[in-house]
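Chain order of the listed sequences is A and B.
All residue numbers for the first sequence refer to my numbering, where the first residue is 1 and numbers rise by one.
All residue numbers for the second sequence refer to my numbering, where the first residue is 1 and numbers rise by one.
Note that these hints are calculated values from the structure, not bench results.
Bear in mind the structure is a predicted one, so any value in this text is a computation, not a measurement.
We put the beta carbon where it would ideally sit given N, CA and C, even for glycine.
Keep in mind that a hint or two might mislead.
[Said to hold, decoys possible] Each pair of labels, with its calculated beta carbon distance range: (1) A:S110 with B:R9: 32 to 42 Å; (2) B:Y10 with A:K52: 34 to 44 Å; (3) A:P113 with B:E82: 37 to 47 Å; (4) A:D55 with B:G42: 21 to 31 Å; (5) A:E15 with B:G42: 21 to 31 Å.
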Amino acid sequence: GNSVTQMEGPVTLSEEAFLTINCTYTATGYPSLFWYVQYPGEGLQLLLKATKADDKGSNKGFEATYRKETTSFHLEKGSVQVSDSAVYFCALYYYNQGGKLIFGQGTELSVKP
Amino acid sequence: KAGVTQTPRYLIKTRGQQVTLSCSPISGHRSVSWYQQTPGQGLQFLFEYFSETQRNKGNFPGRFSGRQFSNSRSEMNVSTLELGDSALYLCASSITIPGQGHNEQFFGPGTRLTVL
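Extracted from the complex, chain A is given alone in its bound form (with noise of 0.2 Å):
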């Protein structure tokens, strides 16, 4: 079946270290992937998205390439911040199932001053 495996946290960096964090997926035609993240006490929070293979998704200094020959959508950061501190969730969903996100365990960040 279709499924997202994420790298294990969490992941501890300093302020304005480089951040990825590694998603890849089982999936069979053409999914749409996204990045969530949750703060704590919060709900999700919609980060990046592509919807096709070479698409690059950015947001606040975030961005994920659509890699369908790795299956992989890794997320990237080139200076963390500690308002950065957070669960990251990777996603994928198919337009034809409806409201179903399949997501992938989520990755704990946590940055240090």
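Here the structure of chain A is known, so what remains is to put chain B in place on it, guided by the hints.
Chain B only, in chain A's frame:
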């Protein structure tokens, strides 16, 4: 524009009881999805409603049910609560008509259910 609202935010119940959670989508959004989030299982899809009809259902027992009203507000119900039902229940709404393009979902803050 107001976001997705969920009530109550916190709930404590005992085993065997039932519970009803409510979700009000963003104005104009007609699709509402529900997810269960637990430390062990992560985020799992429960069901999705569009125009008062359940369009998709996840792999949960029949104790979990839901409905959607004509104003797009949705409720989910869990009967005969078990300890393992303790979780954060998230609701998400979207404006996209199902089957017509990707479905950007906006999430509410969730309802934290604790079963004792």
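_Assessment of proposed distance window 21 to 31 Å (beta carbons of A:E15, B:G42)_ = holds, 28 Å
*Within 37 to 47 Å or not, the Cβ separation of A:P113 and B:E82?*
Distance hint for A:P113, B:E82 holds at roughly 42 Å.
*Outcome of range test on Cβ distance (A:S110, B:R9; 32 to 42 Å)*: Roughly 25 Å apart at Cβ, these two residues miss the hinted range, so it is violated.
*Just tell me: holds or violated, for the beta carbon distance of A:D55 and B:G42 against 21 to 31 Å?*
Roughly 25 Å apart at Cβ, these two residues keep to the hinted range, so it holds.
_Cβ separation of B:Y10 and A:K52, checked against the hinted range 34 to 44 Å_ = This hint holds: roughly 41 Å between Cβ atoms.
Hint check: a violation occurs at hint 1 only; the rest are consistent with the structure.
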